[in-house]
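K.L.:
Guided by the hints, dock chains Z and P onto chain V, whose structure is given.
Chains as they are written, first to last, in our numbering: chain V, 1 to 647; chain Z, 648 to 813; chain P, 814 to 1073.
Just so you know, the hints here were simulated from the structure itself, not pulled from any lab data.
Do not rely on the hints blindly, as some may be mistaken.
[Said to hold, decoys possible] What follows is a set of in silico ranges between Cβ atoms, one per label pair, in the way DEER data are often shown:
1) P:P868 x V:D284: 26 to 34 Å
2) P:R973 x V:R98: 19 to 27 Å
3) V:S552 x P:P868: 35 to 43 Å
4) V:R480 x P:R973: 42 to 50 Å
5) P:L845 x V:P310: 40 to 48 Å
6) Z:G782 x V:A358: 54 to 62 Å
7) Z:L805 x P:E920: 52 to 60 Å
8) V:A594 x Z:Y783: 23 to 31 Å
9) V:S552 x Z:L797: 25 to 33 Å
10) Z:L797 x P:Q867: 48 to 56 Å
11) V:E589 x P:R973: 31 to 39 Å
12) V:E589 x P:A943: 40 to 48 Å
13) P:E1069 x V:D284: 45 to 53 Å
14) Z:Y783 x P:E1069: 54 to 62 Å
Backbone N, C-alpha and C define an ideal beta-carbon position, used for all residues, glycine too.
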Amino acid sequence: MLALAHAELGRLFDALHAEGYRVIGPTVRSAAIVYEELDGPADLPVGWTDEQAPGRYRLVRRDDDAAFGYVVGPHTWKAHLFPPRERLFQARRRPDGRVGFDPVLPDEPPTAFLGVRACEVAAMEVQDRVFLEGPHAEPRYAARRRQAFLVGVSCLEAGQLCFCASTSTGPRVDHGVDLAMAELPGAYLFEAGTERGRAVLDRLSARPATAEERRHLDEGIERARGQMGRTLATNGLPELLFGNLDHPRWAAVAERCLACGNCTSVCPTCFCSSAHEESDLTGDDAARVRTWDSCFSLEHAEIHGVNVRPTVEDRYRQWLTHKVGSWVSQFGVSGCVGCGRCIAWCPVGIDLTEELAAIRADAAAPAPMPVRQAPAAATDDALVPRAAVVIGVTRESADVVTLHLACDPPLALRPGQFTMLSLPGLGEAAISVSGTWGDAFEQTIRDVGAVSGALSALRPGQQLGIRGPYGNGWPLDAARGRPVVVIAGGIGLAPLRGAIRFLLEHPLDYPDVRLVYGTRTPDDILFGHEMLGWASRPGFRMAITVDRADLSWRGDVGVVTRLLRREPLSPEATYLMCGPEVMMRFAVEALTAAGVPSDHLYLAMERHMKCAAGFCGRCQYGPFFVCKDGPIFRHDQVARLFGREGF
Amino acid sequence: MSDASVLRVAGLDAATITGLLARLPAFSGLDDAERAAVAAIARVEQVPAGTTLFRESEPADDLRFLLDGHLTLGMRFGGRGEVIVLSLGPGDIVGWTALLGGTWTATARAVAPSTLLRLSGAELAALCERDHDIGYALTRRLFAAVALRLHDTRLQLLDMFAREAR
Amino acid sequence: MAAATRPRLGVFKLASCDGCQLTLLDCEDELLAVAGAVDIVRFSEASSRPDDGQPFDLTLVEGSVSAPEHVEQIHRLRARSKRLVTIGACANAGGIQALRNWVDAEEVMRVVYARPDYIRSLATSTPISAHVPVDFELRGCPIAREQLLELITAMLTGRRPALRDESVCMECKRRGNVCVTVATGEPCLGPVTHTGCGALCPSYDRGCYGCFGPRERASTGSLAAWFLAQGMVPAEALRRFRGINGWSEAFRKESERHER
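If we strip away everything but chain V, and leave its shape as in the complex, we get (with noise of 0.2 Å):
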């Protein structure tokens, strides 16, 4: 450990700058200590410390000339690692169809972070599991973590509203960072963490800490752990909150709740993004860019003109469950670094350490939460579509297509996935894969929307772009040896189709498939020509319903549930369906009415599709996502959640 004087910080700067470093660090701001481009120690916020509380914050003077004398500010380090606003890609559309895209790239010079507090760097280290880890990892994220340089600055002081003792994130900088730093009275005392530390402390000349120095630095650390503004119990917080998501508490914490999203932006750890196009007046030219959402925006949980969070009370239930909760199933650790940021800059001062507090006081049982899968090997996903040509469009009814794809090179692909198609300027829609055939796939697509009417109408030889596969497939596997009942709604066959041709494909492995399948009107059904071949073969059978006909039809009208009481419905079947969700929430009555258990029911769950690819949490079902969790469930982890509002 190494010690400089007060007066020589300036040498840090110099050291920083002499390795190619830009310096981002604290200083006064818009009457806050913000975080910004720094030219020396001057800049530091040398005198002020900040006083918080719920809703509120103001610098106030030091009686002494700390440059760290603060705890955290309105800014995060993830601002910089993962910015409010960027292009993704550019597009562009030429008149013979054909379409391109050159992906953007991170082009800011190396940077060093100065004054990174213990909070933040374990709020890093969250963010690297939802952005690095399995299936995909954002190779922008990655680039600007690899290259960020760290110096990390311990808490001798603790804030009125921190609680890093009781997340276990703070207050020591003990790991994560090229630089430890710390600020005694008389001394800056540092530590190197890596290589390229080892290269800047060597520039500083500085000269060994005393052994008063390092007990100094201990003693200030375990006031700070004392001094703690808030404690937050956080055994079995998930549990809990899955267990409660009842509670008289998120109705009355909705009626201050203001959705405005400001817990979200605050928070170092939060990850929802959006992504819209924008184009020049022909559409011909266009970007993606990437913006900072939060699960408290209308945007975030709609699908198909459906809002599964309409009300306030859905949406601060689902970020706080996110937070603490659910987070942990998804990534291992909690999603709060106990920084105390959403409590300060919440415009009505909503504290969650207080609403966890009223909900642990008087709670019924707690709920099983899932355990975190160990994630995938991640192999990168830029989130730049490429070109796919439409080799062939089948018309299905009338406002359903089929379009015949192929892209180079080609993709391996399982029944059940998806695919993201898009069109520069338009937009992207996520599409399920129908079918495949040899190097060329088949992906149906129901025009409900600006992009998907667009989709619905490309020719053969047009270009699109496309992204994927996404998702897991149903489980074939699984289903080896037993019959097989295959339960579809509407649009829902689409994506059970390639399942059907499968199981088709090997009879000995699945003697007995049957298909109930349910629509609107006859002329809605889909793929009927080739239905016609599957009901000859043997070991097959099928059965057709719709909502209303005229005399011409000979099958079925009613719902799908009337065909299902009618057919033998054996406990040791594998069910697999996919169709609107109040027809998959009754089928699954009459299934376990029947006595079908429920690690026999795989569902296909649908939620809002954005990135695909494990980042932007739009598509976020409790503790699952739906990209890559799902989109294919098995009932039983998914019964708790399955059918009730809000999630």
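P.N.:
Below, chains Z and P alone, put in the same frame as chain V:
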């Protein structure tokens, strides 16, 4: 009124009909003697595909239970002709209006050769008046069947496959 | 693009200051491109080309319904517009002139004007949506140039306009602004106000005064309660919500809660 082409299955004795009644959920709450009382006023008929069992807005006389086959219920819909609103399969009741009196609310047709148990609504109502145990048991089960039919109809009403307005 | 295939645009005003129309002219660099891509049929602030009476693909209307002739005018415009977009606080919410909705307009006119008989005005100033169905509301006072361009571009390219309905706070935080309310106690309507301005006022250290109108789920009650708890008097709370967008439902209800 049913079509002239309806065949009556003559010669089925009461014991056989009682046995058929036992297969129907509507009569599962009755003991053997009670079922025999119902069988005495019931007959079995077999109809070919295409038979119209009854027509919308005609007087409701007989109710039927489908033993085997496939029926549809349709309703006239202004300029659209007739729309099929429901299919019925084995075990389903068709024509409960006959028990209440009034006119048919839909048109029932067989789309496959079907076997039905048929009773006069007036005679069944009179039997239930005379024997309240039969009446109660039957009413309870008819109530459950109507509730289930209502639930299914509500699901159809949700029009869950419709495209939302853009 | 041949003139015949370009979408036809009409720009009109009812009772307003003209600032929202001016935003289209403010598009300066992009204006030529817009004029090339769209057939600007009627835009009396910019061109003396007469109205040809034919239908429009897109009609932009600023201004509130404030005078008797506006009622007929807006119905006629609606009938000949494939898409009718109201631009600005007057058109969307009735504007600042809707302050008269809370008083006896006749009496005020008698006090203010020497010859009140020369004035022909409705008792209330109302948003266009109170009279005809509206396809889209572009918020602002005035509207934001970038948002108008995005609306026109979205119509031309066929995509959904990237115009989010969220709090001003989200935009403030993306810009790295320090919250004026939390850091200085300055009241700010950002949490209940529809974004679109780029968090303009808070970027200059002043509180938002809601010129883009209420966002969805505007929790005005909670925000007002907080203001009062910080020492604001009810009359001031009323005034804060009864501004440019005072007649919009969420702000109107909130201001009325603080009436004596």
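K.L.:
Hint numbers the structure violates, sorted upward?
P.N.:
Per hint list: zero violations.
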